[in-house]
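Residue numbers (this note's numbering), protein chains in the order written: chain A, 1 to 116; chain B, 1 to 112.
Keep in mind the hints are simulated off the structure, nothing from the lab. Just so it is clear, CB atoms sit at the ideal spot from N, CA and C, and this is done for glycine as well. Heads up, some of the hints might be wrong.
Taking lysine to any residue and the SDA-like style, the derived pairs with C-alpha atoms no more than 20 Å apart in a straight line are [said to hold, decoys possible]: (1) A/K44 with B/N24; (2) B/K57 with B/E79; (3) B/K9 with A/Q37; (4) A/K44 with B/Y97.
Stretch-level coverage of chain B by chain A, calculated; a stretch enters the list once three of its residues show a Cβ under 8 Å from a Cβ in chain A [as the list claims (entries may be wrong)]: (5) 15 to 21; (6) 99 to 110.
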Amino acid sequence: EAGVAQSPRYKIIEKRQSVAFWCNPISGHATLYWYQQILGQGPKLLIQFQNNGVVDDSQLPKDRFSAERLKGVDSTLKIQPAKLEDSAVYLCASSFKLGTGNTEAFFGQGTRLTVV
Amino acid sequence: AQRVTQPEKLLSVFKGAPVELKCNYSYSGSPELFWYVQYSRQRLQLLLRHISRESIKGFTADLNKGETSFHLKKPFAQEEDSAMYYCALKGAGGTSYGKLTFGQGTILTVHP
């Protein structure tokens, strides 16, 4: 089966610029996650969708980060304006359903963002 | 709040030696626990989950609710096991239902 697709793979921007990342989850997966992974740290959950609704966005810096999943399929994550500390790998993951049991999360390759 | 702690950032063993990667969690309820692995230049992928009680690539992990631990073990490490390993917890109820939280990760290096 096709995996989780993310683009772009790499992005370099200057601070205060804006950037957007795109994710296409596995077909039929209702749950979609965006994670931020700073070098040397574990993935940190930014936002979690169930279909097109937000389940958890408690760790999303809402003054600069936004995410949407309008039709319950693809999702975009935006940063505006970017700061140096936003340099990280942004991971998208999807799972069949929200609850427990058969809920393995499948990950994309990630987008490596460098803010200079 | 749910939290996952992996106390060892780096772990080095020789080929054929036993290996144990530690994971402790904090969660008020019955969570679902996972181990994910990331090999060099590959995406993060599931290694095993506690519900399945399975052995994958010789690795096993037992959920110990009393000690709130989910340590990953393998009796004889192989060089191809060298990778980054993440312990993860999925909330099973309340406000954390379905929330997937990761530990900081442990880099395992298996020397020949």
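Taking the hints in turn, this is what the structure says about them:
no. : hint             : verdict
1   : A/K44 with B/N24 : holds (17 Å)
2   : B/K57 with B/E79 : holds (12 Å)
3   : B/K9 with A/Q37  : holds (15 Å)
4   : A/K44 with B/Y97 : holds (17 Å)
5   : 15 to 21         : violated (count 0)
6   : 99 to 110        : holds (count 7)
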